[in-house]
Amino acid sequence: MRPFPLLLLLFLAIPLLEVMLLIRVGGVIGALPTVALVVLTAVIGVALLRRQGLATLQRVQQSVDAGRLPALEMVEGVGLLLAGAFLLTPGFFTDALGFALLVPALRRLLAAWVLRRGILLQAGHGRPGGGGAEGGAPEDGSRTIEGEYRREDE
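So the sequence shown is numbered by UniProt numbering: it starts at 1 and just counts up by one.
Worth flagging that the hints you see were computed from the coordinates, not collected in a lab. In this text the structure is predicted, and so the values were computed from the model without any measurement. Do not rely on the hints blindly, as some may be mistaken.
Quick list of simulated restraints, FRET-style, between CB atoms [what the hints assert, rightly or not]:
(1) 151 to 104: 48 to 54 Å
(2) 144 to 53: 36 to 42 Å
(3) 63 to 90: 33 to 39 Å
(4) 10 to 66: 33 to 39 Å
(5) 115 to 62: 17 to 23 Å
(6) 43 to 143: 49 to 55 Å
Beta carbons: idealized from backbone N, C-alpha and C, even for Gly.
All chains should be built: construct the whole structure from the sequences, respecting the hints.
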């Protein structure tokens, strides 16, 4: 599926859903408590986001220091970025999505799924394993092998 129609649908559906939820909650608890609740969830979410962001950054540094590619941690960082965007967007549905992305086990599971599927590479029209400008074997089938050599004169 092409991403543009999906994004257009999301940009239309999510605000409508948020407005409906805000009106319903406001009708039950009142307007001022609804606004206070939205602000409170944003403040709590940002505090949790900061803490988990720093922990993820530490894991990235540990992976790099150990000589491992921090792919899982980097995708988790993207998840945290999305969580922050959702938490700062006023509304209950986006707050629920943001808080769900702040659950470490769920975020790691989602990040592993994204890496397994190669979704990030597909979005950039690359392939797992690379190809062409993204790295790996070029389209013409030739290969470049990196290495070192030493000339020994006879």
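Results of checking the hints against the structure:
1. 151 to 104: 48 to 54 Å: holds (52 Å)
2. 144 to 53: 36 to 42 Å: For residue 53 against residue 144, whose Cβ atoms are near 38 Å apart, the range 36 to 42 Å holds.
3. 63 to 90: 33 to 39 Å: Between residue 63 and residue 90, where Cβ atoms are some 35 Å apart, the hint holds.
4. 10 to 66: 33 to 39 Å: holds (38 Å)
5. 115 to 62: 17 to 23 Å: Once the Cβ atoms are compared, 18 Å apart, the range 17 to 23 Å for residue 62 and residue 115 holds.
6. 43 to 143: 49 to 55 Å: holds (54 Å)
Comparing the model with each earlier hint shows no violations; every hint is respected.
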